[in-house]
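Given chain F, work out where chain Z should sit, using these hints.
Residue numbers (this note's numbering), protein chains in the order written: chain F, 1 to 328; chain Z, 1001 to 1339.
No lab work stands behind these hints, which were simulated from the structure alone. Keep in mind that the hints are not guaranteed to be accurate.
With a straight-line cut-off of 30 angstroms between C-alpha atoms, the simulated DSBU-like cross-links for lysine-lysine are [unchecked claim]:
hint	chain 1	residue 1	chain 2	residue 2
1	F	Lys131	F	Lys91
2	F	Lys271	Z	Lys1265
3	F	Lys91	F	Lys77
4	Z	Lys1173	Z	Lys1060
5	F	Lys39	F	Lys91
6	F	Lys39	Z	Lys1270
7	F	Lys257	F	Lys271
8	F	Lys39	F	Lys271
9	F	Lys91	F	Lys68
10	F	Lys39	F	Lys77
11	F	Lys257	Z	Lys1265
12	F	Lys39	Z	Lys1265
13	F	Lys151	F	Lys77
14	F	Lys151	F	Lys131
15	F	Lys127	F	Lys91
16	F	Lys68	F	Lys39
17	F	Lys127	F	Lys151
18	F	Lys257	Z	Lys1270
19	Z	Lys1060	F	Lys271
20	F	Lys271	Z	Lys1270
21	Z	Lys1331	Z	Lys1270
22	F	Lys271	Z	Lys1173
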Amino acid sequence: MTSAPENILEVDQLITSFETDQGLLRAVDHVSFSVPAGKTVGIVGESGCGKSVTAMSIVRLLPQPAGKILGGHVYFKGHDLVRATDAEIRKIRGGEIGVIFQEPMAALNPVHRIGRQVAEVFRLHQKISQKDAWAAATEMLELVRIPAPEKRMMDYPHHLSGGMRQRVVIAMALACRPSLLIADEPTTALDVTVQAQILDLMGRLQSEMGMATILITHDLGVIAETCDEVVVMYAGRVVEQASAEELFSNPLHAYTKGLLHSIPTLDTPSKSRLNTIPGMVAALADLSHGCRFCQRMGRTAAVTRERPRFSEVSPGHWVEICPECYQP
Amino acid sequence: MTPPLLICEDLRVHFPVRAGVLLRQTGAVRAVDGVSLDIAPGETLGLVGESGCGKSTLGKAIVRLLTPTSGTILFNGSDITRASQRSLRPQRRDIQMIFQDPAESLDPRMSVRAIIEEPYIIHGIGTRGQRVQWVNELLDRVGLPASSAERYSFEFSGGQRQRIGIARALALKPKLIICDEPVSALDVSVQSQILNLLVELQQDFGLSYLFIAHDLSVVKHVSDRVAVMYLGKIVELASADAIYQNPRHAYTQALLSAIPSHDPKERREKILLEGDVPSPIDPPAGSAFGHRMNHPRYAETIGMDLSLREISPQHWVAADPCCVSAGDWEKLRSAAGIA
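Only chain F is shown next, with the shape it has when bound in the complex:
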């Protein structure tokens, strides 16, 4: 894959493994995708399919010492993050790449005031006085629509509601005006009404700042609502990738179809049988080399074969071509 100038991030054949008692297990297996500048790319899949590990590999926040990137490249503005030194990556993380985690309470330090935590971001990444950092932090809280920001600066995280905490985390992630934001399940812990507020806020800030976003979620509704491009992951691999409109109107992989059809929508007749995907994602140690969705469906003949080719079947629509799972 060549480095096109319009892509701000290019993940190329990324392999991430974990050292475990059962040996080296591959959680991310040759994953490639790119993020165009200013666009939102969604990564969707069930728990344990490698979404978060992919995202955390990009910013090198893998659990240590077990997690290791064993191959591939992550080009951010043409610079390979896999080979960057720790000092370089620390500068980029929180600076040019902002990160939002699922559980805002875990991302905030419970014993420090909100103000100190937001101001710290400015102190770390910019040459700025304590006083200016405090003022900049107050401004950030105002930007994410926290009422009475001067007062909230003196609060501790437990004083705030879940939605307000997530706003603080967003303020921290956006403090240095990053060109890429990685949001790992940013609204999963929140109510629908608060989710709508946060998604609206993120969308508005994104267009104001012109940043690109990687949004990781298992909620297809959130994807449909916010994303330009969608990457569907299954068992550590990308099985399908397309624009959001294309993916929702013309899903080609059996797994994508399964996911789309298992959610009840407001139009589904009530108490009717919902479509299900039988079984579950196999444990990492037991994954086959061939088509992994066939493995789940118990199609043993297809499993033993080679890994299905990931091909572009129509412009911008990529899918794993497995004789069973590719269903045009």
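Below, chain Z without anything else, positioned relative to chain F:
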């Protein structure tokens, strides 16, 4: 019409707030504040609302894990509001509960067999041989292999654990199951498996459900009627179709509009609510939702009776000028004879 299985009347659950050296009561968390509802045999009543609105507290009060502060709960005609733990025991067979987090509601030191068998032992039902057979039948009914009986709950995935929780709830052949967010911790593919199972079991055993959830599409799918709760009170109650097609209360409309649509071509404008649910410790004196919206008519609602009224057959909505349309308010006002 068959008489309802469960009737709650003006149910209140308040938790005391204590402060100072002497821990005197300085206030109360009004978690459930005057809720009336009923559930018919074989019916599913959905209960939706944001976190902190009192959904789970209401569920726990009905199974009597909490004792209500006032009001009455009639189950199958008998008053269980203040019944002692001992006298409750026969009723407990008929009301069971399924919890949100199956990992935390199953004892990790008990085998699956011991977990599912425990209700029989507590109630002294069956011989050892019968119980073994019943547990096997239950496992089969919820779609788990018989070999799971000798394993431990942590060996299972989230969806399978939820099946174990369902098997335990079914053991005593209950009439009513309180499902407290039974699928919100699960992936969509597993969520649909569990929803299918719950619907099947209802048809097979004629169960009634109180289905508590914050996911409105899920609630719509399983429920016959839906109650919308806000800050300890029910603000709208109607058939599932009526709630979703013709919501009358402003809060219901806002909740529905917040559901992400599953079509990228159809990104709708949303009604965005400002802020969060206010604290139930010191709730607004008038219309709680009117207060959140800063409604111009809020002042009128202080001291007003905002209880549910029937706006159209079987469609109940809070008589609150801040939260219903002008036309609906005229209707409600003339019907109730309010000046």
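Taken at face value, is the distance from the CA of Lys271 of chain F to the CA of Lys1060 of chain Z at most 30 angstroms?
holds, 25 angstroms
Within a Cα-Cα threshold of 30 angstroms, do Lys91 of chain F and Lys77 of chain F meet the stated pairing?
Holds, at roughly 14 angstroms.
Hint consistency between Lys68 of chain F and Lys39 of chain F [alpha-carbon to alpha-carbon, up to 30 angstroms]
Measuring from Cα to Cα gives roughly 28 angstroms; hence the hint holds.
Starting from Lys39 of chain F, check that the Cα of Lys1270 of chain Z is at most 30 angstroms away, please.
holds, 22 angstroms
Does Lys1265 of chain Z sit within 30 angstroms of Lys257 of chain F, going by the straight-line distance between their CA atoms?
holds, 18 angstroms
Given hint Lys1270 of chain Z paired with Lys257 of chain F - CA-CA distance at most 30 angstroms:
The given pair, whose Cα atoms are some 27 angstroms apart, holds under the 30 angstroms limit.
CA of Lys39 of chain F to CA of Lys91 of chain F, is that 30 angstroms or under?
holds, 23 angstroms
Does the structure keep Lys257 of chain F and Lys271 of chain F at a Cα separation of 30 angstroms or less?
holds, 21 angstroms
Assess, step by step, whether the Cα of Lys131 of chain F is no farther than 30 angstroms from the Cα of Lys91 of chain F, and give holds or violated.
holds, 22 angstroms
Sort out whether Lys1060 of chain Z lies within 30 angstroms of Lys1173 of chain Z, counting only the CA atoms.
holds, 19 angstroms
Within 30 angstroms, alpha carbon to alpha carbon, are Lys39 of chain F and Lys77 of chain F?
holds, 15 angstroms
Are the Cα atoms of Lys271 of chain F and Lys1265 of chain Z separated by 30 angstroms or less?
holds, 27 angstroms
Comparing the model with each numbered hint stated earlier shows that hints 8 and 13 do not hold.
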